[in-house]
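Participant: Sequence:
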Amino acid sequence: MYFVYRNKKYIDCTGLSFRDFLVGKLPPIPGELPTLNDWENHLTTIFPEVRLKRYLEMRGADGGPWRRLCALPAFWVGLLYDEVSLQKVLDMIADWTKEEREMLRRKVLKIQFFLIGIIKVYSILDILYILRRCIYMA
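Heads up: the sequence shown begins at 1 in the UniProt record's numbering, then just goes up one per residue.
Some hints here could point you the wrong way.
Claimed, not checked - The calculated lysine-lysine pairs, modelled on BS3-like cross-linking and capped at a C-alpha distance of 30 Å, are:
1) K25 x K53
2) K88 x K25
3) K88 x K53
Simulated from the structure, these hints should not be mistaken for lab results.
Given the sequences, and given the hints that come with them, work out the whole structure.
Facilitator: Written out as structure tokens, the structure is:
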């Protein structure tokens with residue numbers, strides 16, 4: 001945890017456990033139980049590749065050149081909100097193992113490409129090929 005917000009003030013909870021908060025054992029505010037707002041605030045302090053808000057926040061690329069800023073959201077909308085495109089992606093990844101997906105995620109991070117993170121890959125050429133397919137589908 002990082003904080004709890006009470007009475008217009010942030011209470012430092014750095015390094016403490018939300019699990020302890022759930023049972024009223026958070027040292028800065030003993031006996032208090034979390035509210036739904038506390039849970040929502042807590043979720044904003046977690047930084048996975050995809051974060052659930054009132055929408056899916058795709059966090060694979062938090063920045064980039066201004067002239068390309070809209071490209072990534074357009075890519076995700078094109079893949080995830082179009083049933084035909086989504087099915088093509090699902091078909092493409094249907095036989096990939098958890099290990100292959102994790103290998104790609106690590107490899108993509110190392111070569112500073114951004115991709116859906118669920119791709120069988122053996123070389124940078126494979127990544128580029130899959131990236132082109134995904135962009136086409138989007």
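Participant: Quick check: which numbered hints come out false for this structure?
Facilitator: 2
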